[in-house]
Structure formats: C-alpha cells, structure tokens
Amino acid sequence: MEKRGHVLMIPYPAQGHINPCLQFLKKLASKGLKTTLVTTNFISKSINKPNLGHNIDREFISDGYDNGGFAESDSIESYLQRLQTVGSADLTQLIKKLNSSPEIENHVNCIIYDAVLPWALDVARQFGLVGGTFFTQPCAVNNIYYQFGKGLLKTDDSAVTNNSNVTIPGLPIQVSDLPSFLCVPGAYPSYWELALNQFVNVGKADWIFINGFDMLEVQVVDWMTKTFPQLRTIGPTIPSMYLDKRIEDDNDYGLNLIKPDSSICMNWLNSKANGTVIYVSFGSMAELSNEQMEELAMGLIGSNAYFLWVVRGSEEHKLSGNILTEIENGNKGFVVKWSPQLEVLSHEAVGCFVTHCGWNSTLEALSLGVPNGGDTTVDRSNNKCKVYSR
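The numbers in my numbering rise by one with no breaks, and the one at position 44 of the sequence shown is 44.
Note that these hints are calculated values from the structure, not bench results.
These figures come from a predicted structure and were not determined experimentally.
Treat the hints with care, since some could be wrong.
[What the hints assert, rightly or not] Derived EDC-like pairs (lysine to aspartate or glutamate); straight-line CA-CA distance at most 16 Å:
1) Lys31 <-> Glu248
2) Lys97 <-> Glu59
3) Lys318 <-> Glu294
4) Lys27 <-> Glu193
5) Lys97 <-> Asp57
6) Lys337 <-> Glu287
7) Lys150 <-> Glu103
[As the list claims (entries may be wrong)] Listed next, with one range per pair, are the computed distances between beta-carbon atoms:
8) Glu287 <-> Met266: 45 to 55 Å
9) Asn322 <-> Gly170: 47 to 57 Å
10) Gln292 <-> Asn331: 47 to 57 Å
11) Glu326 <-> Lys96: 53 to 63 Å
12) Ile76 <-> Gly321: 31 to 41 Å
13) Phe60 <-> Glu315: 43 to 53 Å
14) Thr325 <-> Asp214: 44 to 54 Å
15) Lys245 <-> Ile173: 30 to 40 Å
16) Asn331 <-> Ala89: 52 to 62 Å
17) Lys154 <-> Leu257: 34 to 44 Å
18) Ser271 <-> Lys154: 24 to 34 Å
Glycine residues also receive a C-beta, built at the ideal position from the N, C-alpha and C atoms.
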C-alpha cells in the first residue's frame with residue numbers, strides 16, 4: 001500500500017490562530033493525508049473537551065511557559081523569543097521521534113506553520129521536509145505588511161495628518177485604513193515586528209497558504225500570486241457544515257480554549273423572532289476600557305432591541321452592578337461569558353453582528369450572510385476593519 005503523506009500543522013498558540021489552521025488540516029485529512037496538530041503544552045492543558053475528529057492526531061511542544069502560556073511571560077517580545085528558542089528545539093525532537101517510528105506512516109513529509117512562526121521553516125529544512133507557511137489573514141492585509149517590510153510603503157507625519165491616499169497594488173485605500181501600529185512608528189513595536197517578520201523567509205517556503213478566497217480580493221490575489229507563484233488561497237476556513245458540507249459532521253472547530261455557554265445561548269435565541277437580535281462579541285483577546293464597556297452597554301440598552309452580548313470572564317469586572325441590573329430588568333439583553341459563535345450567527349433570530357473586526361469573525365459573518373460592523377478601537381493594534389469590509 002502506498003504511504004500517505006504526513007503533515008504537521010503548527011499554529012501560533014491562540015484561539016484565533018488555531019481555528020483556521022485546524023480547519024485547513026481537516027481539509028487535508030479529508031483528502032487522505034495523515035495529519036497532526038502541534039500545539040503547546042499549556043494549550044493542551046487549557047483545551048475544553050477537544051473533538052478534532054477526522055483522524056487528526058495531536059502532538060505537543062513547549063513554548064517555554066508550560067504553566068501559564070503567554071500570560072506567564074513579561075512581554076510579547078520575551079514570549080516570542082522563548083517560543084522560538086524552546087519551540088524549535090522541541091519541534092526538532094518531535095520530528096526525530098516521529099521519523100524513528102517503526103510505522104512508516106508516522107514519518108513526517110511536510111510542515112505547515114503559522115506565518116508568525118517563520119523559524120519553523122528552518123526546522124523543516126534540517127530534515128529536508130516540504131515547508132508551507134499559513135497566513136491567517138487575507139491577502140489585502142498581508143500585502144500591506146509586505147509593502148511596509150520591503151520599504152515600498154511609508155507613512156510620514158504629513159501623510160497621517162492629511163489622511164493621504166495609499167498606493168498598494170490592487171488595494172486603493174487611505175492612511176486611516178491601515179493598521180494603526182504601522183501608521184505611528186514605535187507605537188506598537190512588538191506588533192510591527194510580529195507582522196513584518198512573517199515575510200523574513202517567505203520566498204523560501206514551498207507553499208504559501210492564505211486564509212481567504214479569490215473572489216473577495218481578486219486584484220490583490222492576482223498581484224501577490226505573480227510575486228509569489230507558490231501562493232494559494234484556501235479559505236474560508238470555517239467548519240464545512242456551515243459552508244460547502246463536503247466534510248461530514250464538520251460542524252464545529254473542535255478545539256475551544258473557553259467553554260461556550262451553548263445551551264443557554266441557543267435556548268434564549270429560540271425564543272426570539274427572526275432578525276430581532278443584535279449579537280455582540282469582540283473575540284478571545286480584544287479588550288475594552290471601562291468607559292468603552294459602559295458606553296456600549298448604554299447604547300445596547302438604549303437601542304430597545306434584543307441583544308446577546310459576549311463578555312469574557314476577564315472583562316466582567318468592567319460592567320458595573322447598575323448596568324447589569326438595568327440589562328436584567330429591561331428583559332432585552334442577555335450577557336454570556338462565551339458563545340458557540342457559528343451556531344449563533346447561523347440562527348435566524350440574529351439580525352446583525354457587532355464585532356471587533358477580527359478576520360475569523362469577519363469570514364464567519366460573510367459566509368453566513370450576517371451584516372456586521374464594529375469599532376476597531378477595541379483592538380487598536382489590529383486595526384483593519386475598513387480593509388476587511390471592502
């Protein structure tokens with residue numbers, strides 16, 4: 001029998017990166033490849049009842065912070081540095097272990113790695129493996145980072161002040177449409193480095209996979225494909241049962257770092273008429289200030305509409321008791337710590353989605369036909385709302 005190829009997938013250890021990487025891995029597994037998801041030891045401890053299915057194996061490496069993950073580090077810079085040092089050493093040992101297995105099928109042929117972990121390509125090359133980089137964001141955003149990294153695009157003080165037009169192949173935008181950390185040099189140095197380092201060795205990768213689809217950004221994809229012939233769009237990376245139904249029983253991402261309040265969310269939505277509910281969620285990482293939280297709450301209450309609002313446990317303290325009482329007494333709003341977002345967005349009661357404009361949420365809303373909008377000031381270092389909506 002012919003040996004199946006074995007692909008290791010290595011996402012950055014955060015929910016918003018793991019989800020699209022895992023969905024792509026499911027697609028590869030459905031084509032007959034042997035697939036393994038590689039996460040950190042801390043992530044493995046944090047997973048709420050994983051259900052990867054589809055014959056996907058799991059392996060673990062250390063990021064150097066096995067007890068607390070990113071929260072255990074002093075800064076994003078120290079976290080990324082230790083992740084590279086410890087992670088690359090652990091990944092090397094993992095490949096050696098798999099390649100020494102008596103089961104030839106376990107031997108690794110290919111590593112697909114999150115683009116923010118470019119060091120994984122160096123590890124792949126040590127073993128003569130095929131290396132593919134996976135960009136979790138669309139071509140439009142990646143093109144902006146690429147242009148900045150190459151020095152082809154610059155924003156001086158006058159450009160920012162005057163909100164000048166920006167010339168990017170296939171993407172007519174203004175300075176105000178750019179990610180905020182690119183517009184103000186030195187404001188967010190860690191995010192600047194993280195974004196631009198995705199391209200340090202991208203030309204050496206055998207494949208470049210983009211979490212998007214051609215028809216959404218035709219001109220940008222065309223230009224980037226000419227620059228990188230090995231580039232392929234493979235999105236939208238959402239569970240198949242919400243999209244094309246090609247993968248049976250693929251109705252969930254399968255890996256949650258926060259337990260969703262599934263039954264109470266859906267029971268509440270079931271009691272509402274079609275298109276009457278505002279769904280509000282700012283993802284797994286974005287944070288609001290106390291003032292933003294209060295203003296959002298008052299806006300939702302003042303709308304006199306039904307609303308389902310996701311407020312993570314780490315953000316709950318920003319909601320005063322008076323506001324919670326007003327929400328409860330008004331019988332219009334419902335606050336939960338986490339939701340089964342795909343189920344919520346596909347529910348007929350949901351009429352619109354107020355979001356932080358993260359790409360995963362945007363793709364889900366686009367795929368399910370839910371009108372969405374938001375204010376990226378809640379996620380300022382990742383300010384890309386206008387780029388996404390075009």
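Would you list, in rising numerical order, the hints stated earlier that this structure does not obey?
Violated: hints 4, 7, 8, 10, 13 and 18.
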